[in-house]
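A.B. asks: Sequence:
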Amino acid sequence: MKVPMTQEGEAALRGELQQLKGRRHEISREIARAREFGDLKENAEYHAARERQGLDEARIRDIENKLARAEIIDVARLPRNGKVLFGLWVQIAPQEGGDEQVVRIVGSDESDPKNGLISVRSPVAQALIGREAGDLIEVKLPEGAQRLKIIQIHYQAP
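In terms of this note's numbering, the sequence shown opens at residue 902 and continues consecutively.
Quick caveat, the hints were computed from the structure, so don't treat them as lab data.
Please note that the accuracy of each hint is not assured.
Claimed, not checked - Here are the simulated lysine-lysine pairs, BS3-like style, with alpha carbons at most 30 Å apart:
#  : residue 1 : residue 2
1  : Lys-1050  : Lys-967
2  : Lys-1041  : Lys-1015
3  : Lys-1015  : Lys-1050
4  : Lys-922   : Lys-984
5  : Lys-967   : Lys-922
6  : Lys-903   : Lys-967
7  : Lys-984   : Lys-1041
8  : Lys-984   : Lys-967
9  : Lys-1015  : Lys-984
10 : Lys-984   : Lys-1050
11 : Lys-1041  : Lys-903
12 : Lys-903   : Lys-922
13 : Lys-903   : Lys-984
14 : Lys-1015  : Lys-967
Claimed, not checked - So the derived label-pair ranges between C-beta atoms look like this:
#  : residue 1 : residue 2 : range
15 : Pro-1043  : Lys-903   : 21 to 31 Å
16 : Gly-955   : Gly-1045  : 35 to 45 Å
17 : Ser-929   : Ala-969   : 24 to 34 Å
18 : Asn-966   : Phe-938   : 11 to 21 Å
19 : Ala-913   : Leu-979   : 12 to 22 Å
Here the structure is a predicted model, which means the values were calculated and not measured.
A virtual CB, placed ideally from N, CA and C, is assigned to each residue, including glycine.
Assemble the whole structure, with the sequences as input and the hints as a guide.
C.D. replies: What follows is the structure, encoded as structure tokens:
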């Protein structure tokens, strides 16, 4: 099953993947250097380098798997039909009053709510998708239901 991902999310993962693959030679040299110290049973440098190698290789496999399952969404190609879609920025405000905020609906692996990046699977994103500016939505959250108004939909970062 394909998982939606923004182009920015793909670029970030590819950058991290390149960095991790670039460290392979460095870690191999560290392991070789640590082996020269002799007995591997009590060789902290060797074990630390092997642990870093294991963690990096696991992360490489994880990233490659995510990229293989990703369906990259090009926001520039989305229909400009006035509806909230994956990858778009949405300006919202609590109906009762309060600060407006802009959120972007992104893939689960890209989400960072503190920076306004919300997972497409989140209750807020699920309530927003398909709606239009001016609509009121009700989001069921663990702390209770919240009513939000869609102020504006942006096709580029505001």
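A.B. asks: A separate judgement is required for each hint: does it hold in the structure or not?
C.D. replies: Going down the list of hints, with the structure as the test:
1. Lys-1050 x Lys-967: Not OK: Lys-1050 and Lys-967 at ~33 Å, beyond 30 Å, violated.
2. Lys-1041 x Lys-1015: holds, 19 Å
3. Lys-1015 x Lys-1050: holds, 20 Å
4. Lys-922 x Lys-984: violated, 40 Å
5. Lys-967 x Lys-922: holds, 16 Å
6. Lys-903 x Lys-967: holds, 9 Å
7. Lys-984 x Lys-1041: This hinted pair holds, its Cα atoms lying about 21 Å apart.
8. Lys-984 x Lys-967: holds, 27 Å
9. Lys-1015 x Lys-984: holds, 24 Å
10. Lys-984 x Lys-1050: holds, 14 Å
11. Lys-1041 x Lys-903: Between Lys-1041 and Lys-903 the Cα gap is close to 27 Å, so the pair holds against 30 Å.
12. Lys-903 x Lys-922: The hint holds at about 25 Å.
13. Lys-903 x Lys-984: Given pair Lys-903, Lys-984 holds - Cα atoms ~22 Å apart, limit 30 Å.
14. Lys-1015 x Lys-967: holds, 23 Å
15. Pro-1043 x Lys-903: 21 to 31 Å: The hinted range 21 to 31 Å holds for Pro-1043 and Lys-903, with Cβ atoms some 29 Å apart.
16. Gly-955 x Gly-1045: 35 to 45 Å: 43 Å Cβ-Cβ, so the 35 to 45 Å window holds.
17. Ser-929 x Ala-969: 24 to 34 Å: Holds, at about 25 Å.
18. Asn-966 x Phe-938: 11 to 21 Å: Check failed, 36 Å falls outside 11 to 21 Å.
19. Ala-913 x Leu-979: 12 to 22 Å: Holds - the Cβ-Cβ distance for Ala-913 and Leu-979, about 20 Å, lies within 12 to 22 Å.
When each numbered hint is compared with the structure, violations occur for hints 1, 4 and 18.
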